[in-house]
Amino acid sequence: MKAKHRFIIAVLVLGLLMTGPFVVTSLLVWLDMKDAERQMLTELLLSRLPVGTMMTLFGFVIGVLVLHKLFKQYVEGLLRMAETLRLMLGANRNFRVSIEGPPEVQQLAQAANDLAQQRDALMDDVDAQIATAKASVEEEKNRLAALMSELAQAVVVCNLDGRILLYNNRARLQFKALAQGPTSVSGGALIGLGRSIFSILEKNQVEHAREVIVQRLAAGKMAFSNFITTTRGGQLLRVQMVPVMASSGEGAERKMSGYVLTVENITRSIEEEEKRDQALHTLTQGSRSAIGNIRAAVANLLDYPDMEPELRERFLHVIDDEVAKRSQSIEQTMSQFSDSLKTRWPLEDILGVDIIAAAERRINDKLGLATKTEEVDHGLWIKADSFSLVFALVCLASKLQDHYEPRELRFRLSANGKLAYLDLIWAGPAMSSETFYTWEMESMQVGAETTPLTLRDVIDRHGGEIWYEREKAAHRAFFRFVLPVAIPEAEQVVEERHVTGRPEYYDFDLFRFEDKSIDLDRKLSELTYTVFDTETTGLEPSKGDEIIQIGAARIVNGRLLRQETFDQIVDPEIPLKPESIPIHGITEDMVRGQPNIDVVLPAFHEFCEDTVLIAHNAAFDMRFLQLKEDRTGIRFTQPVLDTLLLSAVAHPNQESHKLDVILERLGITIGSRHNALEDALATGEVFLKLVKLLEEKGIVTVRQAIEASEKTYFARVKY
Amino acid sequence: MSKKILIVDDEPNIVISLEFLMKKEGFAVAVATDGEEALAKVASFEPDLVLLDVMMPKKSGFEVCEILRADPARTGMQIVMLTAKGRETEVAKGLAIGADAYVTKPFSTKDLVARVKSMLGLG
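Respectively, the protein sequence lines represent chains S and P.
The opening position of the first sequence corresponds to residue 691 in the numbering used here, with each subsequent residue numbered one higher.
The opening position of the second sequence corresponds to residue 2 in the numbering used here, with each subsequent residue numbered one higher.
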């Protein structure tokens, strides 16, 4: 029953209560009376009726007013409070009941507010805990990613479909180095989040390895699998696969949800092994027949001393001939295979300055001896076992300190062809060669640290040499370590580690990554995109202007992958327009010698495979690409989104949709503009912001975005 | 009548020694310097024993040995493989395809002579 109705009933009841007892009493008295008495009473009452009615009415009105007041305060007040409480429960957590009305209602309101306060505190606490948990998960993910990127092994993690969820820098460099033909321009485009591993490794082999693991898992054995595969370029890769198990509840059977591949390029080591084999072979098998020949000849000479001089001469000639050939062959083998015959102690490529820095630190700490560096070649890499080498340096320093008490030690590093000279210099009296010889042969010791290795062992391990030399003029002497110079293949790693921001080599959400082939009715936020931009010689593709740079990046799972980029300058094979050079900053020198569009376009096409294209003012860039279709046979058939049009859809009342203006409007700051890659990255950022704005307008799918774009004014501009 | 030995080797430096040695021991000796010549000489010279080198141009010693062993008329002919290949796998192969003995270089001439004599039933 509605409150209003109840109020009316209450008023009626009040009326009845006020008049009822009087009317009933009057009726009972009336029935009991004689006629004369009734007559008298009627007269008496009628004359005073107005006063009585007035009094009754007055009382009734006061009663209704009181009732109304009570109704307002207790019924309607509580109803209002109930609404407020609902609001607090749902839409607005921070809303509070206003404290008003009679004391009882106020107390109730206060109690409700206190409850709400308590609830908020609890919820805040829960939120904070969730945030902390999330942050720690995020941190762990980042730590894992950072760890992976530092690993010297190439590691790739895939889901069961063979989609790449994670890879480290090493893997990127390795596959980049492997990329052959057109893909080499794209800078290792083959590897990328969400891309298929099967474009790099033979699918059958990967699948077979996976089956082996499944079988081993079922048999309760250690689950891993190895295989060796060749790449398109003929390189040999050793791949080890271990499963990633889905973390399901306890007791339940754990299922494989993906796998980790460690990939090692063994081409070089196999080649070296083959060389070593070959050397061994020439030294043994090759010797067999020669020595056989000599031995038989010698035996004949010895056994038949009375043979004719002519025959004797011939046997001697055989011996002479074979010995000469053998000497030559040993000589050849040694020079040819010297690298592969070297000691097999694993040496790493390390910067010479790093060795010196480590040695200096330890000499300062352990021996309290000052050190300095003289001329040091900062770019010199050496092949070394850094631990034993540093130990040897510190050990020598300690011996020098004991015997000659030098005030300080100095280091010097220089290159001499394939050899590096690492000098440990001190000022002091001459030392005898016998002393140094003993030092060389003693087990090394620094304070309490000892090793069974001698200085000589360390030197041999490096295939190096060491000697003692005096600089008479300067009254000082030095030990010279001669070590092999390394040509580091991984130099790039160091450079690329300085890339800003955290590495984007992983996306664990891709474990749930399903078929991402382009479906126009998929959500904008779910698809994989290639954002790209071109720099051109001019603005008129139909009048012969050409592309001179293509820059592109990928968007996977709503993330702009700054490390999976395509950045290529193209030789336009026509002269650049001088007036355009300040805009794009690309000069004649920069384009000459670069691949032409026939080479770059297929690579770019491969980079874009299975993705939706995005560009700012896409019609312009697409026109350039389309004009090359006949010549290259490359067609870009995927859907294209234009951030200029999408911006016009999101903000129809804004005048300008230039990239700079949009960037400012959306609060995006970027480095330099008018570099194809930078512009592509900026476009990507814009797109990610626009996706959210479009969602608010009910534009969720790619189809809707394309349809809305077509309706904007800007879509009518033609190139 | 003296026993006949065919020496098959492409290296003159060993042929000279073997030829001298076998002649001194009183054998009739013929020489072939490759696999094909060896087969021809076997047909014309009909040796009792062949000293057969493995590594030769045209036909390897293994091939020659297999061809000779495939001929039932020559079951009595002894074949001694002489080789610079000393791996166990190769020794096994030589014996498996029908060589009667397998001698790896370098070898002792005395031992070889003794071996040859005993194989020809002269020892």
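Simulated from the structure, these hints should not be mistaken for laboratory data.
All C-beta atoms, glycine included, are put in the ideal place defined by N, C-alpha and C.
One or more of the hints may lead you astray.
Claimed, not checked - No farther apart than 16 Å at their CA atoms in a straight line, the calculated lysine to aspartate or glutamate pairs in the EDC-like style are these:
1. P:25 - S:996
2. P:111 - S:993
3. P:25 - S:967
4. P:86 - S:967
5. S:1015 - P:112
Unchecked claim - Far from chain P by the CB rule (all over 10 Å, computed), these chain S residues:
6. 981
7. 997
8. 1270
9. 1393
Unchecked claim - Here are some chain S residues pointing at chain P (derived, C-beta under 8 Å):
10. 815
11. 983
12. 985
Hints violated by the structure (numbers, ascending): Structure breaks hints 3, 5, 6, 7 and 10.
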